[in-house]
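Work the whole structure out from these sequences, hints included.
Here the protein sequences come in this chain order: A and B. Just so you know, the first sequence maps onto residues 1 to 352 in my numbering. Just so you know, the second sequence maps onto residues 1 to 352 in my numbering.
By construction, these hints were calculated from the structure, which means they are not laboratory data. Each hint should be verified, as a subset may be incorrect.
Copies of the same chain look alike in the list, so a pair counts if it fits in one copy or across any two.
Said to hold, decoys possible - DSSO-like, lysine-lysine: derived pairs with alpha carbons at most 27 Å apart:
1) Lys236 to Lys303
2) Lys349 to Lys90
3) Lys303 to Lys51
4) Lys114 to Lys19
5) Lys303 to Lys30
6) Lys190 to Lys270
7) Lys34 to Lys303
Please read all numbers here as calculations on a predicted model, not as lab measurements.
Number of protein chains: 2
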Amino acid sequence: MVYIGDSKEDGFLRTVAWKHGSVVLIDQTKLPNKLEYIKFDNYEQVANAIKNMVVRGAPAIGVSAAFGLALAATRSNSRTLEELFAEMYKAYEILRSTRPTAVNLVWALERVMKRAREQNNIVAVKKATLEEALKMSEEDIQNNRQMGINGACLIEEGDVILTHCNAGSLATVGYGTALGVIRAANEAGKHIRVIATETRPVMQGSRLTTFELQHDGIDVSLIPDTAAGYMMSSRKIKRVIVGADRVLRTGHVFNKIGTYQVAAIANLHKIPFHVAAPLSTFDLDSNPSDIVIEERPVEEVVKIAGNRIAPQGIRVFNPAFDLTPPEFISSIITERGVLQPPFEESLKKILS
Amino acid sequence: MVYIGDSKEDGFLRTVAWKHGSVVLIDQTKLPNKLEYIKFDNYEQVANAIKNMVVRGAPAIGVSAAFGLALAATRSNSRTLEELFAEMYKAYEILRSTRPTAVNLVWALERVMKRAREQNNIVAVKKATLEEALKMSEEDIQNNRQMGINGACLIEEGDVILTHCNAGSLATVGYGTALGVIRAANEAGKHIRVIATETRPVMQGSRLTTFELQHDGIDVSLIPDTAAGYMMSSRKIKRVIVGADRVLRTGHVFNKIGTYQVAAIANLHKIPFHVAAPLSTFDLDSNPSDIVIEERPVEEVVKIAGNRIAPQGIRVFNPAFDLTPPEFISSIITERGVLQPPFEESLKKILS
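Below, the structure is given as structure tokens:
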């Protein structure tokens, strides 16, 4: 079922919402050609939407999964608490298994389950589950606005800022992380220009970042991923800002494939490279080698809009993420403040 | 007019040929879905084919332009030598203006014109023009075979070799420069695997390199351009080989957009980075800042196979080439031998 929502209420796109007992998501696979909202009535549909990238971006995935769990709870016909929890754990597992690399997914599901486990009857569990998901949804926007305020100080008047992938409204409930910082700098009256990389293979840059910045009236230009190095070596880029799918305590950042090479070239040219990530994206326990890099389907690379662009039977490597080491990162912008290297120490400070 | 040629005669694809008084080119815009040959009867058609990338790759462009000039001469109805030369200079200008960055184009046209100017009657000019173009066509394959022999020594058993864009049979008359080295190593019995980058926006990697290596039975895998850094940082690449559109006396290399960032990351990880380029690709006179980097049409970036992948009205930067400095280049393979740094000196030696 298709539901055309109102994107004007916030001034930015609202990517994930709870409306009249259902989850409503922008169908990002249709962008930039169509802004279409889809209504979901059960968690299996939400899990499929995450898997098929109808919704993507670590924070947006987290809140979508939380709402998926809320659907599982609120729509359950279970007559006992045990039955309800069994259903919810099944939903938890199915939602958790959709994408392996982003940490927000597990963080969001854990947080909802924790709140649910604190209740002692069916009505209370259903109510608490939905309340927690709604709270996370609102917190996401608030955190993004606060990150925007914190990060906007780093942006200078006239900056030309390269961003990779989409860490915008469309990667969050709304406002965005990296693009939230850009939005906040823009709202503060700074004249900035954004260079968006296409971000093959799924093209979140060409399809989503250009779309949402154009939607908000922020100056944006598109480049192929292959031109990022050239743009930096020819001094056309003043600054890079990206989001993150998982940040380790050491400041190692897992983000969209291609982030590593952009960061390395920025470092070579002494161009500041910032990561904007809410604390829900931090994984304080893992080491770099613990993290599974998701390998996405071959079809993403060999087909575009149904057209084959590579011969039949060609072997493809399609890793969805890569790892950027802390030595290439100038600062990490969070809702509690801007972390400077060494990140392990500055992170301890803001968490204490 | 469409002409289906025989690609089996050489064991590799013959990209540019002169047949029965016409120029025959593989239509590379149709690959990998269709191997189609087009016959050209006048130089304007050849100029359009170069501009629209029916044929591309510096050496292939050079020989195609030479054949274009041969068409202008051999099909001319001029009654005086002056008239014939006027026609040929017009053809020269139109062919020369198709692509600004590759040096082989000017080199090839100059060489044919020089030979023509040495003649003193119409019949001799027509004959000499065609002879020179045919000679260049054969030399191209011989040079590529010799480069292959020279470069194959650099390849080790079991190497996994990353290549960017297409510097293969399809970028030359046949056999290829960078892929010629790979072909020669393969013919020498070395077991190698090739990783081809897609090479946005025109996708010479996914469309052409995979196609021609699959055609020749050489092991090839495809990756998005965004995964090149990840593949190198995770130690999956042993060596990089690319072609060149223009090599300066200092060893500065102009090549397909994206080469610079691959070279920089290879350098970061101490992965040998080789350039394979015949001497016709060398420009001994220019400095890096003299060279015009061609800006290609916006449509290459915002549309794929007629489908829009970016919003209407988005500004695009689409530079076709970038500049790799000599400090990122381990060696330059030519038909006269392998140049080691410092390139200015080693180049002087092989030219003397």
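Hints violated by the structure (listed by number, smallest first): Those not satisfied come down to hint 2.
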